[in-house]
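J.: Going by this note's numbering, the sequence shown opens with residue -3, and the numbers climb by one from there.
For the record, the hints were derived by calculation from the structure and aren't laboratory data. Careful, some of the hints might be misleading.
Said to hold, decoys possible - Here are the computed distance ranges between Cβ atoms for each label pair:
| id | residue 1 | residue 2 | range |
| --- | --- | --- | --- |
| 1 | A83 | T35 | 21 to 31 Å |
| 2 | R90 | D19 | 19 to 29 Å |
| 3 | A83 | S47 | 12 to 22 Å |
| 4 | D44 | G76 | 33 to 43 Å |
| 5 | V20 | S94 | 42 to 52 Å |
| 6 | P59 | G17 | 16 to 26 Å |
If you're wondering where the values come from, they're calculated on a predicted model, not measured in any experiment. We put the CB at the ideal spot given by N, CA and C, even for glycine.
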Amino acid sequence: MARNLTEQQQLFLDVLFDGAGGDVVLAKKLAGYSDGTATTVIVNALKDEISEATRSYLARIAPRAATAMSGALSDPTELGLRDKMIAARDILDRTGFSKTEKIDVGGSSIFILPPKNAVEDEED
């Protein structure tokens, strides 16, 4: 259930990624908060909304990450490609598009036996 946010809180969330580039101090200024307002107070009050906005932002840039990965196929000599691929993979992993691995669990059977009783050990 969405909370009712003040106009200033909503503006803070609106500019956090788009206008402020993720910088909470700049977002605070762009949203019109006074310099005396502690950034931690704003962030703590909007913790859940910031988390949701972060997930939304990652979902928005996931297509760019996917196209960056496919771009590596057409130009594998691009400078910084390795770092770019790591960043793209991390973004895609965090948005649910992670690499799937299949494990074959066939073959032999395993039997688990109960432990020996202390009396049986003494008789042997």
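J.: Look at each hint and say if it fits the structure.
T.: Verification of the supplied hints:
{"no.": "1", "hint": "A83 with T35: 21 to 31 Å", "verdict": "holds (26 Å)"}
{"no.": "2", "hint": "R90 with D19: 19 to 29 Å", "verdict": "holds (20 Å)"}
{"no.": "3", "hint": "A83 with S47: 12 to 22 Å", "verdict": "holds (21 Å)"}
{"no.": "4", "hint": "D44 with G76: 33 to 43 Å", "verdict": "holds (35 Å)"}
{"no.": "5", "hint": "V20 with S94: 42 to 52 Å", "verdict": "violated (28 Å)"}
{"no.": "6", "hint": "P59 with G17: 16 to 26 Å", "verdict": "holds (19 Å)"}
Going down the numbered hints, you'll see the structure goes against just number 5.
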